[in-house]
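Participant: Each chain, letter by letter, is given below.
Protein chains: 2
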Amino acid sequence: MPETIPVTLEEAIRLHPADLADRLQRLEPPQARALLKRLPKNCAASALAEVELDRLPELLSGFDPARLADWLPCLPPADAADLLQHLSAAARRNTLAALPPEQAGNLRALLAYPEDTAGGAMSNRFIALREDMTVEQVHGLLRERALEQRADDITYLYVTDAAQRLVGIVSLRDLVFRRPERRIEEIMARDVKSVRADTDQEELARQFEHYHYLGLPVLDAERRLVGVVKASDALEIARKEATEDMQLMVGLSGEEHALTPWRKSVGRRLPWLYINLATAFAAAAVVNLFEGAIARWTALAVFLPIIAGQGGNAGMQTLTVIIRDLALGELSPGEGRKALLKETMLGLINGLAIGLVVGVIGYLWKGSAALGLVAGAAMLLNQLAAALSGVVIPLGLRLLRVDPALASSIFLTTVTDVAGFFFFLGLATLALRLATP
Amino acid sequence: MPETIPVTLEEAIRLHPADLADRLQRLEPPQARALLKRLPKNCAASALAEVELDRLPELLSGFDPARLADWLPCLPPADAADLLQHLSAAARRNTLAALPPEQAGNLRALLAYPEDTAGGAMSNRFIALREDMTVEQVHGLLRERALEQRADDITYLYVTDAAQRLVGIVSLRDLVFRRPERRIEEIMARDVKSVRADTDQEELARQFEHYHYLGLPVLDAERRLVGVVKASDALEIARKEATEDMQLMVGLSGEEHALTPWRKSVGRRLPWLYINLATAFAAAAVVNLFEGAIARWTALAVFLPIIAGQGGNAGMQTLTVIIRDLALGELSPGEGRKALLKETMLGLINGLAIGLVVGVIGYLWKGSAALGLVAGAAMLLNQLAAALSGVVIPLGLRLLRVDPALASSIFLTTVTDVAGFFFFLGLATLALRLATP
Numbered sequence: 408m409p410e411t412i413p414v415t416l417e418e419a420i421r422l423h424p425a426d427l428a429d430r431l432q433r434l435e436p437p438q439a440r441a442l443l444k445r446l447p448k449n450c451a452a453s454a455l456a457e458v459e460l461d462r463l464p465e466l467l468s469g470f471d472p473a474r475l476a477d478w479l480p481c482l483p484p485a486d487a488a489d490l491l492q493h494l495s496a497a498a499r500r501n502t503l504a505a506l507p508p509e510q511a512g513n514l515r516a517l518l519a520y521p522e523d524t525a526g527g528a529m530s531n532r533f534i535a536l537r538e539d540m541t542v543e544q545v546h547g548l549l550r551e552r553a554l555e556q557r558a559d560d561i562t563y564l565y566v567t568d569a570a571q572r573l574v575g576i577v578s579l580r581d582l583v584f585r586r587p588e589r590r591i592e593e594i595m596a597r598d599v600k601s602v603r604a605d606t607d608q609e610e611l612a613r614q615f616e617h618y619h620y621l622g623l624p625v626l627d628a629e630r631r632l633v634g635v636v637k638a639s640d641a642l643e644i645a646r647k648e649a650t651e652d653m654q655l656m657v658g659l660s661g662e663e664h665a666l667t668p669w670r671k672s673v674g675r676r677l678p679w680l681y682i683n684l685a686t687a688f689a690a691a692a693v694v695n696l697f698e699g700a701i702a703r704w705t706a707l708a709v710f711l712p713i714i715a716g717q718g719g720n721a722g723m724q725t726l727t728v729i730i731r732d733l734a735l736g737e738l739s740p741g742e743g744r745k746a747l748l749k750e751t752m753l754g755l756i757n758g759l760a761i762g763l764v765v766g767v768i769g770y771l772w773k774g775s776a777a778l779g780l781v782a783g784a785a786m787l788l789n790q791l792a793a794a795l796s797g798v799v800i801p802l803g804l805r806l807l808r809v810d811p812a813l814a815s816s817i818f819l820t821t822v823t824d825v826a827g828f829f830f831f832l833g834l835a836t837l838a839l840r841l842a843t844p
Numbered sequence: 408m409p410e411t412i413p414v415t416l417e418e419a420i421r422l423h424p425a426d427l428a429d430r431l432q433r434l435e436p437p438q439a440r441a442l443l444k445r446l447p448k449n450c451a452a453s454a455l456a457e458v459e460l461d462r463l464p465e466l467l468s469g470f471d472p473a474r475l476a477d478w479l480p481c482l483p484p485a486d487a488a489d490l491l492q493h494l495s496a497a498a499r500r501n502t503l504a505a506l507p508p509e510q511a512g513n514l515r516a517l518l519a520y521p522e523d524t525a526g527g528a529m530s531n532r533f534i535a536l537r538e539d540m541t542v543e544q545v546h547g548l549l550r551e552r553a554l555e556q557r558a559d560d561i562t563y564l565y566v567t568d569a570a571q572r573l574v575g576i577v578s579l580r581d582l583v584f585r586r587p588e589r590r591i592e593e594i595m596a597r598d599v600k601s602v603r604a605d606t607d608q609e610e611l612a613r614q615f616e617h618y619h620y621l622g623l624p625v626l627d628a629e630r631r632l633v634g635v636v637k638a639s640d641a642l643e644i645a646r647k648e649a650t651e652d653m654q655l656m657v658g659l660s661g662e663e664h665a666l667t668p669w670r671k672s673v674g675r676r677l678p679w680l681y682i683n684l685a686t687a688f689a690a691a692a693v694v695n696l697f698e699g700a701i702a703r704w705t706a707l708a709v710f711l712p713i714i715a716g717q718g719g720n721a722g723m724q725t726l727t728v729i730i731r732d733l734a735l736g737e738l739s740p741g742e743g744r745k746a747l748l749k750e751t752m753l754g755l756i757n758g759l760a761i762g763l764v765v766g767v768i769g770y771l772w773k774g775s776a777a778l779g780l781v782a783g784a785a786m787l788l789n790q791l792a793a794a795l796s797g798v799v800i801p802l803g804l805r806l807l808r809v810d811p812a813l814a815s816s817i818f819l820t821t822v823t824d825v826a827g828f829f830f831f832l833g834l835a836t837l838a839l840r841l842a843t844p
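Going down the list, the sequences are from chains A and B. Using our numbering, the first residue of the first sequence is number 408, and each one after it goes up by one. Using our numbering, the first residue of the second sequence is number 408, and each one after it goes up by one.
Treat the hints as calculated values from the structure; they're not laboratory data. As the structure is a computational prediction, the values presented were derived from the model and not from experiment. Keep in mind that a hint or two might mislead.
Heads up, the list lumps identical chains together, so a pair's fine if it works in one copy or across two of them.
Unchecked claim - With a straight-line cut-off of 30 Å between C-alpha atoms, the simulated DSSO-like cross-links for lysine-lysine are:
| id | residue 1 | residue 2 |
| --- | --- | --- |
| 1 | K444 | K745 |
| 2 | K448 | K600 |
| 3 | K671 | K444 |
| 4 | K647 | K448 |
| 5 | K671 | K745 |
| 6 | K647 | K600 |
| 7 | K448 | K773 |
| 8 | K600 | K444 |
| 9 | K749 | K671 |
Using the sequences plus the hints, can you model the full thing?
Facilitator: This is how it looks when you write it as structure tokens:
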């Protein structure tokens with residue numbers, strides 16, 4: 408990563424667009440805008456394509472539609488559509504109006520797909536062939552296109568019928584190998600994997616990893632070829648989805664980075680902290696129920712952090728495994744019961760192993776066999792509660808059609824705190840009753 | 408994901424290797440081995456290449472070296488090397504001895520690279536050209552190679568000098584476009600991005616995402632071309648690294664899945680739970696210090712879960728953002744101070760916002776202004792401690808050259824519990840002293 412030093416125009420032009428985008432994001436927005444204005448349009452556009460999407464609105468505010476319309480044609484269409492999506496509705500309309508009609512139409516077609524679907528991730532710049540072309544004709548076509556097209560890496564060419572429906576695929580490698588007089592229909596593969604434009608992008612990334620695709624054609628509802636997604640797009644999606652899942656788990660909405668301005672972060676974090684506070688009061692209410700027992704036996708208070716800490720950690724282990732497997736498609740819906748059985752087994756074993764240690768230490772530290780027994784038993788029960796909720800919470804969220812990661816660590820610690828305190832203080836109350844008939 | 412139903416030989420042969428691997432992993436190992444034995448060797452080998460690496464030893468135990476040596480040549484060399492790496496040392500030696508000498512030598516070369524480096528992820532099957540070849544000669548070469556080589560997707564060809572040093576790159580697309588009489592040195596790009604074989608695979612995935620590579624050449628210490636990494640490999644690495652980071656954070660060593668057998672999971676989770684237990688006892692010891700105060704004022708015990716819960720959640724928010732940015736290379740080493748400043752600001756604001764609510768509720772619930780004041784102030788201080796430790800712990804682990812994610816949530820909750828209880832119970836003790844002169 409480059410250091411955050413002002414960059415001269417000459418340096419900026421020599422940088423890789425991805426590195427230039429890094430610099431732009433590290434500058435104060437007015438400085439970044441000033442630099443953008445002075446850059447050659449190709450250079451500015453390709454750097455904008457690499458800027459984090461949530462930084463675009465700030466960076467682009469203040470540029471007039473004519474300037475934006477000047478940049479857009481330099482971009483791969485998917486990036487141009489992303490950029491438009493992050494303008495205000497008025498700026499988007501004006502910019503599209505300032506573009507040549509054909510380009511504007513193209514972009515409007517892409518804008519119609521939600522951002523988190525295959526349609527939102529695809530490029531609609533691809534080369535489609537007809538079955539009856541010869542290898543030689545295709546070579547000619549590619550030579551022609553080389554002049555008008557950007558140096559996008561092409562690995563596959565797609566074969567469509569008269570109705571634009573996908574019928575086959577030819578790898579560029581095949582084209583090089585085959586004799587010029589061969590016809591495309593003789594050399595194309597007919598069994599083509601594809602995705603629907605409305606496929607969720609998480610599912611898309613899963614398929615790329617599972618099948619090692621370099622590119623995947625995207626079809627509309629009528630099975631017409633409308634675009635292509637590349638492996639590098641899938642990599643970006645997989646990274647973003649993983650970040651999102653990690654952050655959602657702990658209660659962070661939207662993608663946040665270490666250097667996201669604190670004003671934005673407050674709005675993303677504080678609401679979840681308040682929700683966590685409400686759940687913490689629920690746990691406190693359980694302790695409050697047993698205030699009488701604590702008044703008689705203050706050593707109980709000393710063990711509260713141990714009950715809460717162990718339940719939370721064990722539950723987080725289970726939760727993390729389940730959420731990640733759901734995201735990667737490694738756990739099919741029918742396998743929830745299997746996972747639950749395994750985690751129950753683990754909860755039992757870990758519960759016994761930890762309960763025993765806590766019980767013995769409790770006895771040695773506080774000199775009370777009753778405290779040792781109560782703490783050990785509560786620990787066993789709490790480990791079981793942690794294991795169960797680590798499976799049930801994400802699967803439940805999924806049944807509700809919410810992201811299984813959503814604030815799940817907050818819900819989980821609520822269960823482990825409430826259940827743990829209830830077991831521990833409830834058993835302690837019983838012990839107190841037995842001790843004082 | 409397919410359901411976990413026994414699969415017939417005919418079905419198995421028709422499945423995509425990645426799907427067949429899924430089935431194999433869902434069968435009991437003896438059934439899976441029986442199926443593998445009956446499969447055609449190409450089919451068995453390509454499915455084995457898709458099996459999770461940590462499942463390989465179990466699946467392959469019991470096959471003799473001759474059978475393994477029969478499968479290996481059907482695999483891309485990187486996968487064959489992975490497979491060998493997961494055999495016992497004796498089985499590996501015997502299998503290599505059963506292979507033709509050239510293939511064995513090739514695989515030994517790959518085995519020399521650690522698994523988590525570019526060398527471990529690369530394939531050493533690539534096509535190298537010389538500068539003085541013509542486009543037509545290269546076409547001829549590719550046609551020849553088409554017969555002997557597997558249908559790996561090729562996007563780039565690499566140009567090397569007499570000493571095997573990389574001097575240029577030609578995209579397959581360029582080859583199709585250019586006239587047959589052009590020489591490679593005229594059309595190749597000389598500014599080739601590459602990685603060293605010892606590059607960490609996390610860094611490798613970062614570069615793929617940052618620069619959208621489809622493939623990246625790998626050089627040894629003498630800058631000789633030794634292999635190629637593809638975008639689909641980088642996607643797999645990125646997925647694995649994200650899983651590892653999420654799991655390391657909560658104390659899970661090794662990649663665990665929902666259906667990993669519980670016997671394995673116990674060994675991965677229980678040691679961390681014991682470490683967490685030790686830290687929980689540290690927090691308990693702090694509470695123990697103040698047992699006298701709690702005996703006089705039991706309402707204090709009721710607020711312990713709130714202090715711990717809020718500190719833990721806020722700290723996890725910070726920690727997750729920092730760890731993810733470190734993994735993605737979004738936070739450069741020089742920017743730690745900036746991140747610390749931002750988080751301190753957030754800790755202050757969130758601390759005031761939450762401290763106020765906790766203070767008011769504490770006063771209303773327990774009717775004690777002193778309790779409200781103490782709880783509110785402790786909350787503010789604890790939010791600050793959470794913010795600081797969320798930045799300092801991962802950066803500190805990194806300075807120690809350990810993965811910044813390693814058990815970081817365990818360390819973090821130790822800090823927030825210990826600091827939180829100390830602030831809260833310490834302030835309460837002060838309040839008690841002031842109240843009873």
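Participant: When the hints from earlier in the document are held up against this structure, which numbers fail?
Facilitator: Hint check: 7 fails alone, others pass.
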